[in-house]
Amino acid sequence: MKRRLRSHAVVGLALLLWAAGRAPAARLFWSEGIGGVYGAEGASGMGRSLYQRGGFVSLGGIAADSTHLYVVDRRTDSIFRIDHDGADWRFILSGGAPNQSTSFTMGPIADSQERLFWSEDARDRIYSAAKDGSDIRLLLDMQDSLSPGRNVTIRDIEVHQDKLYWIDSNQGVYRSDLDGASAVRLVDTQFPAGGETTRGLAVSDAGIAWTGSQHESIYWANLDGSDATTLISLNAALGDREYFPRDIEWDGGRLYWADWVGGEGGVYSATHGGANAALTYTFENRFGNRGQAAGLATPPVPEPIAAVLGVSAGVWTVGRRRPPPAEL
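Residue numbers for the sequence shown, in mature numbering (1 follows the signal peptide of the UniProt record, and there is no 0): -25 to -1, 1 to 303.
A hint or two may mislead.
Quick list of simulated restraints, FRET-style, between CB atoms [what the hints assert, rightly or not]:
id	residue 1	residue 2	range
1	G248	G214	14 to 22 angstroms
2	A105	N210	24 to 32 angstroms
3	R65	S201	14 to 22 angstroms
4	D199	G17	32 to 40 angstroms
5	G29	F166	24 to 32 angstroms
6	R50	S208	20 to 28 angstroms
7	D137	T42	21 to 29 angstroms
8	W64	S109	13 to 21 angstroms
9	D152	G248	27 to 35 angstroms
10	S201	G29	45 to 53 angstroms
11	G20	D152	24 to 32 angstroms
12	S109	E16	43 to 51 angstroms
13	R216	M21	18 to 26 angstroms
14	Q165	D107	20 to 28 angstroms
None of these hints come from the bench; they were simulated from the model. Just so it is clear, CB atoms sit at the ideal spot from N, CA and C, and this is done for glycine as well.
Build out the structure end to end from the sequences listed, making use of the hints.
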C-alpha cells in the first residue's frame, strides 16, 4: 500500500511528535504459495509464521494497511483478511472474484476511503473494490485498450500518488488514473537485451523498480518511465548461481524482493541505489522446508506531526515517509 504525502505550513516552534497509533510490529510481510503468511520485525533474520492455511491452497499477492493484511487465495479465487498478528481471519471476496490473481495491492482513492486493487490473470483485467469487498468495479481490460489481440498477464500492481501502476508479461510498465482512465505505457522493459521475463513492481517517490527472472536482475526507471537501467545484476552482486526474483517492495531506504534462488526461498534487500545487496530474511514453511515467498507487502509508516509551541515556521507531512536523498 502506498499513501499520498500532503505538506502543510505551520506557524510556531515545530516539535515532532508521532502520530496517534503505534506502528505495526512487523516492517515487512509476505505470503507463500503453499499457504503461509509471515512477518519480520528486525533488520534481518528469520521471519515468523503469522498464519497457516491448511489443505491444498495457492496463495498469491498480499497487501497491508495499518491494521490488516489482505491476501489472494488463487485456488479458491478469493481474497481474505487477517490482522497483523494473524488473528481474525475472514473472507472479503469469494466465489471467483479475483480469478487467478497473482498481483494485488491497495491504495487511496479518496482522502477518507481506501480500496483494494487486483488483476485477473485469466482475463487480463484490473478490478477494484471497497475494503469490505463491496462495490466491485472493472477498471481496465488490457485486450480492449493497450494490448488488443495479444495474450498478456498482468504481473504486479502498485498505487502511488493517486495513480495506478502495473507491469505485464508483454514487458511493459504502465500507468493510469485510479479509475483506469488515461492508461499509458511508461517503460519498454525489454530495453537491456530482450527476452526478459518481468515479475514484480515497486513504485515510490524515488522512481520505479521491477524484477526480471530471465536475466536475473533488478531494474529501475524514473516515475515518468525515463532513464530505464539495470539497477542490480544479481549474479554480480550476490554470487554466481541461479536466481528467480519475484515480488519487490520499497521500505524506507531499502528495496526488498522475494527470490527463489535455485529452489531456496528468501527475501533479499539492497539500498534504493542498488548497493549492499544481501539475503535479509529466511523462513520455514509448514513442512519444515526453506520457504519461497510469493508476494511482499509493507505497512504504512506513522509520520511525525508538528505541534505548535511558539512563533516560527515549519513544514510537516502526513503519509508514507519520503526517503532522504542519501538513501536514494
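Evaluation of the provided hints:
no.	hint	in the structure
1	G248 to G214: 14 to 22 angstroms	holds, 20 angstroms
2	A105 to N210: 24 to 32 angstroms	violated, 44 angstroms
3	R65 to S201: 14 to 22 angstroms	violated, 43 angstroms
4	D199 to G17: 32 to 40 angstroms	holds, 36 angstroms
5	G29 to F166: 24 to 32 angstroms	violated, 44 angstroms
6	R50 to S208: 20 to 28 angstroms	violated, 35 angstroms
7	D137 to T42: 21 to 29 angstroms	holds, 22 angstroms
8	W64 to S109: 13 to 21 angstroms	holds, 19 angstroms
9	D152 to G248: 27 to 35 angstroms	holds, 30 angstroms
10	S201 to G29: 45 to 53 angstroms	holds, 47 angstroms
11	G20 to D152: 24 to 32 angstroms	violated, 40 angstroms
12	S109 to E16: 43 to 51 angstroms	violated, 33 angstroms
13	R216 to M21: 18 to 26 angstroms	holds, 21 angstroms
14	Q165 to D107: 20 to 28 angstroms	violated, 40 angstroms
In this structure, the hints that do not hold are numbers 2, 3, 5, 6, 11, 12 and 14, in rising order.
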